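*Asks:* The listed protein sequences correspond, in order, to chains A and B.
If you count by numbering that gives the first Met the number 0, then the first sequence holds residues 0 to 420, one letter each, in order.
If you count by numbering that gives the first Met the number 0, then the second sequence holds residues 0 to 310, one letter each, in order.
Rather than coming from a laboratory, the hints here were simulated on the basis of the structure.
Everything numeric in this text was worked out from a predicted model, so none of it was measured.
Cross-link-like lysine-lysine pairs, in silico, DSS-like; alpha carbons within 25 Å at most: (1) B:Lys111 x A:Lys2; (2) B:Lys84 x A:Lys2; (3) A:Lys16 x B:Lys104; (4) A:Lys264 x A:Lys184.
Single-letter residue listing:
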Amino acid sequence: MKKFFVVLEYELMNYLKNKSYMITTILVALIAGLLMFLPNIIDLGIGEDDTPVSGGWEQDSDADASDSADAECMLLYDKNGVFSDMSVLQMVFGGVRWEKADSVEALKEKIEARDADAGFAVDSLNSFEYFVYNQSMMDMNQSLFEQALGVMGQMKYCEENGLDYEQVYNIFAPEIDARVTVLGKNMANNYWYCYGLVIVIFMIIISYGVMVATSVTQEKSNRTIEVLMTSTDPNSLFFGKVIAGAIAALLQSGIVLGIILGAYKLNQDAWGGMLDMVFDIPGNVLLTFAFFGLGGFLFYTFIYGAMGALVSKTEDINKAAGGIQMIIMIVYFAVLIQLMDVDGIVIKAASFLPISSYSAMFARVAMGTVAAWEIVLSFVILAVSTAVVGIIGSKIYRMGTLRYGNPIKLSSALKNLRQGN
Amino acid sequence: MKLEVRNITKKFGDTQVLHGISFAVESGRALGLLGRNGAGKTTTIRILMDVFHANSGEVFLDGKKFNQREHQIGYLPEERGLYPKKTVFEQMVYLGRLRGIPKAKAAANARKWLDRLEMREYEGRKLETLSKGNQQKVQLASTLVCDPQIIILDEPFSGLDPVNSQILQSVVREMIDEDKIVIFSSHQMSYVEEFCEDIAIINKGEVVLSGDLADIKKRFGENQIVLSAADRSLDMLSSFLAEKMPDRLQITGRTRDELILRSLKNTSRREILECLLANNIEIEHFESYKPSLNDIFVSEVGEEEKKEELA
Numbered sequence: 000m001k002k003f004f005v006v007l008e009y010e011l012m013n014y015l016k017n018k019s020y021m022i023t024t025i026l027v028a029l030i031a032g033l034l035m036f037l038p039n040i041i042d043l044g045i046g047e048d049d050t051p052v053s054g055g056w057e058q059d060s061d062a063d064a065s066d067s068a069d070a071e072c073m074l075l076y077d078k079n080g081v082f083s084d085m086s087v088l089q090m091v092f093g094g095v096r097w098e099k100a101d102s103v104e105a106l107k108e109k110i111e112a113r114d115a116d117a118g119f120a121v122d123s124l125n126s127f128e129y130f131v132y133n134q135s136m137m138d139m140n141q142s143l144f145e146q147a148l149g150v151m152g153q154m155k156y157c158e159e160n161g162l163d164y165e166q167v168y169n170i171f172a173p174e175i176d177a178r179v180t181v182l183g184k185n186m187a188n189n190y191w192y193c194y195g196l197v198i199v200i201f202m203i204i205i206s207y208g209v210m211v212a213t214s215v216t217q218e219k220s221n222r223t224i225e226v227l228m229t230s231t232d233p234n235s236l237f238f239g240k241v242i243a244g245a246i247a248a249l250l251q252s253g254i255v256l257g258i259i260l261g262a263y264k265l266n267q268d269a270w271g272g273m274l275d276m277v278f279d280i281p282g283n284v285l286l287t288f289a290f291f292g293l294g295g296f297l298f299y300t301f302i303y304g305a306m307g308a309l310v311s312k313t314e315d316i317n318k319a320a321g322g323i324q325m326i327i328m329i330v331y332f333a334v335l336i337q338l339m340d341v342d343g344i345v346i347k348a349a350s351f352l353p354i355s356s357y358s359a360m361f362a363r364v365a366m367g368t369v370a371a372w373e374i375v376l377s378f379v380i381l382a383v384s385t386a387v388v389g390i391i392g393s394k395i396y397r398m399g400t401l402r403y404g405n406p407i408k409l410s411s412a413l414k415n416l417r418q419g420n
Numbered sequence: 000m001k002l003e004v005r006n007i008t009k010k011f012g013d014t015q016v017l018h019g020i021s022f023a024v025e026s027g028r029a030l031g032l033l034g035r036n037g038a039g040k041t042t043t044i045r046i047l048m049d050v051f052h053a054n055s056g057e058v059f060l061d062g063k064k065f066n067q068r069e070h071q072i073g074y075l076p077e078e079r080g081l082y083p084k085k086t087v088f089e090q091m092v093y094l095g096r097l098r099g100i101p102k103a104k105a106a107a108n109a110r111k112w113l114d115r116l117e118m119r120e121y122e123g124r125k126l127e128t129l130s131k132g133n134q135q136k137v138q139l140a141s142t143l144v145c146d147p148q149i150i151i152l153d154e155p156f157s158g159l160d161p162v163n164s165q166i167l168q169s170v171v172r173e174m175i176d177e178d179k180i181v182i183f184s185s186h187q188m189s190y191v192e193e194f195c196e197d198i199a200i201i202n203k204g205e206v207v208l209s210g211d212l213a214d215i216k217k218r219f220g221e222n223q224i225v226l227s228a229a230d231r232s233l234d235m236l237s238s239f240l241a242e243k244m245p246d247r248l249q250i251t252g253r254t255r256d257e258l259i260l261r262s263l264k265n266t267s268r269r270e271i272l273e274c275l276l277a278n279n280i281e282i283e284h285f286e287s288y289k290p291s292l293n294d295i296f297v298s299e300v301g302e303e304e305k306k307e308e309l310a
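Next comes chain A alone, as it looks inside the complex (with noise of 0.2 Å):
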């Protein structure tokens, strides 16, 4: 035990004293800190309501879209006078100044020479082309304007059977007092923090695990390891240099993400809880990242470790690691993707698997329903899995100690191990 202390404090100190590990976590905490000031620092006008609204009736008719330089500039040809009001486009599209057309082909010459951003040819109440030079995922213009045509055909219909528009959508569209009380979780509140920390503990993993995996590379191509090997027990030089590597990730990420969570705590009246979604993250959620983040770290890393002495030279690292590799990519956006549906089968499947456990359970913790028991049984079967893992990689470890050459394949190693060779 005093031989792994040795080793962990020896390879911890590798890393502190390593610049670009230091240069790194104080440069990107002190950025991310600094970003979390921003809106004690400069105006970026958050707080004050710019955003057009669309489609509602309570916006100032008046309202004169034209006053921002920048705003987006629409074109109408309109041949058969359908919009005899342009106030209802103005209303429905917000702040979009609207410039009428004389035709089709001067609309779209507009368009392609990028004066305007958009364009629609109306014919009638039931018939329009739209006309965009590039088309956005996001683009909306398509359906406001159908809303815009549907209002002025709801207009057209009152006027000529002697109804008074306002009073008819009242009745069609009462306003309704709603309020929600979750007593659960809002999904729509943790979605990002949720994502984010997969994210996170992905990086860190294939961050950590190529540089543990390396380690223990250059340490056969270096012929260090006969040395190691011979001074103290392979378990002891295993065990320190993963649990070293898993002490400088949980520094460096506690370093970056407390900076954030700490200076975004300062300054979240300024940011109007803007950013609540991403950094307002519960304590409950945080430690059972820490704990099923730490788990599945130390169960990939210890693979990560055996993956390395199954080569002697670090361009060869990536070929051993690959497999493990895929397994951690396939899992990343298997939780990703189903973070809509976090009490979905696939995600409750994973928060138990070892090899998913670390992000699928707390995202259930998170956004879903999950059960204390559920909890805790994921977490001993991420434990005693990980300790498993830790004794075959130390193994493995020991065995591909003089092993130079050529790499030795997972399977081989395996077998020598069950022969115990």
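Position chain B relative to chain A; hints supplied.
*Replies:* For chain B alone, coordinates are given in the frame of chain A:
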């Protein structure tokens, strides 16, 4: 202390590498492990160090099963290796601590050995910035930093210039004088001859010769003489002996200037000398043959193998 290796065998896949290696070495004595490349010296040493497990056979220390972890062993592996990016002092202290000695003691020992090996000025330098010879000295200092009772050096002299070899020789002598067990393998017979009271020659995974070097030399030199004449070439002298004493002398070898002869049928030295004098041979050199370790090695491992070894 007495370290005994008893009947060790080792197989890698289908290849039997060691066929029952046995030898023994005591405190205050050094054992030279000799053999050509691939003979099994390093595998034997690695089994001693528990890097490999033997398929059969055991190692004993003072009659008890030898557990490497219970003793301080200074091991200099054949495959030299330390951390190239670390400073000399830092890694020496680390290796000392790994072998179980306290940090302060490891630091003191590191300084002591760096002083002794005239390397103190390099203690703060990264290993990769040192010459190969100096790196080798750092490796040796790291081997000794734990105050070992047993020292195992695999090819310690390879890569050292004559001055550094001299320093290493004196260090090895000190270790022997301090009553430590010293085992070292080497291709350089002169070094083995200088320090080792005991030798074990391994050939193709078997010990072909082992024991006290002086006894072995005596045994190999028994009934043999060295002869040269001032008035005849070695070929003429050989012809003369073949003619005059055909069944009483056997030529066992020759150096550049001398013949090595074995007396047969209890032929005494007086009889040989009288025959030479009676035939007016002007004797230049006539004495007992004292074989060198090199001669013994060649005779045991074979002239051809020796040539391959040197190549």
